[in-house]
Amino acid sequence: MDLSLTDEQRELYAAAARFVRAERPTDRSGPAAGPGSAAWATMAELGWLSLCVSEADGGAGASLMDAGILAEALGTGPLPGPFLESAVVAPHVLDVLERTPARADLLGDMMNGTAVLTVCVADALDLPPTARGQVPVLVDGRLHGRVAPVTAADHASHHVVVADSGGGAASVVVVPADAAGVRRRDVRGFGPGLSALEFDDVRPVPGLLAELGPDQVPVLRDALIRALPVVCAFQVGSAQTVLDMAVRYSNERVQFGRPIGSFQRVQDHVIDLLNGLDSARWSTYYALAEGSAVPTAAYVAKAVTSEAHFRVCDSAHEVHAGAGCDVDYGLAPHTYLSRRAYGWLGEPGWHRRALIRALQLGKGTSLAPDDDGR
Amino acid sequence: MDFAVRYTEQQTGFRRVVRDWLTENVPPAVVGSDEHFEDLATYQARRQLGRLLGRRGWLYPMSPAELGGGGLGLDSALVISEELGRFGLDLPPYYDSGGVLGSAAILRWGSEAQKRRLLPPIFRGEQRTWQLLTEPGAGSDLAAVSTTARNEGDHYVLNGQKVFVGSLHGADAMWTIVRTGEPDDRHHNLAWFMLDARLPGITVQPQHLIGGIDKNTVFLDDVRVPTDNLVGGENRGWEVASTHLDHEHGLRSDRVLGRKLDELWSVVAGRARDHATADPVMLDTLAQLFVRKEVVRLLGIRNYWLTMEGSPRTYEGSQGYLMEKTATQWAARALLDAFGPAALTDADQHPSSAALVVQQTLGVLSMHGGGTGEIQRMLIARHLGLGRKATAHRPQAV
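Heads up: the sequence lines are chains R and U, in that order. Residues in the first sequence are numbered consecutively from 1, following the working numbering. Residues in the second sequence are numbered consecutively from 1001, following the working numbering.
Hints in this document: simulated from the structure, not taken from any laboratory. Some clues are possibly wrong.
[What the hints assert, rightly or not] Restraint-style ranges between C-beta atoms, simulated for each label pair:
(1) Thr-1008/U / Ala-15/R: 35 to 41 angstroms
(2) Ala-293/R / Arg-1016/U: 25 to 31 angstroms
(3) Glu-1263/U / Ala-293/R: 19 to 25 angstroms
(4) Gly-189/R / Ala-1354/U: 49 to 55 angstroms
Backbone N, C-alpha and C define an ideal beta-carbon position, used for all residues, glycine too.
Start from the sequences, fold in the hints, and give me the full structure.
Take a look at the structure:
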């Protein structure tokens, strides 16, 4: 047993935390570290966009833990922009595509910062997508339909879309953001940077298509689940900053002639926040360390982290009251993130259902993740 | 980062030795028996096992060998504890928190002569020790105890009442904190004594708790205690007690890898499979139980690792303890949600039944023993430095 970080991981964390402090917008201007920005170029130069790409594909092939440590540090901002979508989740999704030159080019461009990828997987991991959002369909090789909300689409050069191919089959396609028939619009929602995408008879990029029959769909789901702990680590970083803010504010803010942190009711909010943070942190570290060796670990991590991050922000808002609601104060980006990330790649209930199947708890459940025991 | 406890070849060999020895020496009567409800003969079988373990230094494996302990490391202690766990037994295999906590205080504060006299009987399993802390008027505010000790030369004379003490079948020794100084001189007016349980003036009266658990009220009426049983000196009792209170609030090495919720989970999962339930609400409740026990387990591993590393800890002990308490409380209701009224009795004779019934008791009691949830929260708040500016010159509440 050794729960310490290596020297390299410590250095990576420190460098990324310094970087994010410099890049974090202090006003409401929104994402800064987007493509074309100096920050994004720096991230590419430092190799941070290559961590989740295998060595065979020209990436760093870093361990999940290394990727998680970087994500945690960037989450402390939180770093605005498409890091999680483009550099973490998209490479995992592209894992299911054939190794074509087009795929190699796209990954190469993503790693050098010239291509930015969004990931459109509706609002959960229900595959084939049936669902609750409008899900794009692939008919005769053409993409139709709408998907919303999509994060980071305003930065994207390409959209990686999971589409319903009918009959229990799913497809992964890539479409350029400026392709004919692709329309993106900003949507008013809880927080900045949310888009709706419409695909009207769009022709995907040739050589960037995976058609997955019903028996292959689990491969895609497993690829997404492998990315989960890194997403959780980003949330853990955010929750750490929220704790620091709440502790500082509770000691500085004076009401009734005393710092509010001397009141037990305020203390309880901070303690709940701390307990949520540490629950998320250690379930995430466990999932990063074990990877697919412990299949339940990623489900537990996302179930715990989504819920904890949401409630951590709630607790911090209780501590800060009005001050925390002012978008210039700095708590709002974390709150927006906690809500966006809550159901991204599966809300806690989805992951508990996955646990029930993995643990074979219910009637008719089995270890096969696609055995629908619901 | 590596979460697995890895054993050297030597430790694996040690595990085999321990397992073989336990297989030969654990009395069948204590396997699967619940200590809270068992008869005197079964208790005596536990004590005999304790003496046998004590002779090998396995009863208090990490305590100094020259004082009757094992002189072993935490990793070896863990092996012994895990192997006893296979028989459903803790280490020590009988209720002896007075020995665990009291010995930690004596090791830190006792004179050499006191260590040589007071510790070997604990470490060798020759004595079972109760702790006498809580009083009717002093629970969370333990420093407000009103039991007194009057100095009469070579003896102190103790008078007062202690509650929520011990368990069934008595004890051989007791320790307590009592007031030796002025009532208003908080934290500087206490003393810590070890007592022979047979001293005249000690009366033990059973105190029955919810779920059929038995504790005791102990009355001290003009109990004459030799001066050399005062540990740490007059009016230093709070400092001595702080040693074991920290210990109790989550630093105990035998708790950091606490198995209680893991054990509960394993029987609950078996029950869910045997009953082949399809109800989605029930299954979600069980999934939540799994998630919560995983969090408690992982925080326990973190605390274990901090202990192994000798890293300074601040809030982590109290946090782990608080989260285990709240998960235990929550689990009691979750089991009723999942399994209905059947979770209240062992009538269906399923292997999980006894654990489900006990969980209802633990769900109530676990929040209070060893410092309430609120006390753990106060300790966490203090470690985080919350409200520090205003409280810096205030008296400490605990």
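Here is what the structure says about each hint:
{"no.": "1", "hint": "Thr-1008/U / Ala-15/R: 35 to 41 angstroms", "result": "holds, 36 angstroms"}
{"no.": "2", "hint": "Ala-293/R / Arg-1016/U: 25 to 31 angstroms", "result": "holds, 26 angstroms"}
{"no.": "3", "hint": "Glu-1263/U / Ala-293/R: 19 to 25 angstroms", "result": "holds, 23 angstroms"}
{"no.": "4", "hint": "Gly-189/R / Ala-1354/U: 49 to 55 angstroms", "result": "holds, 52 angstroms"}
Hint compliance for this structure: every hint is met.
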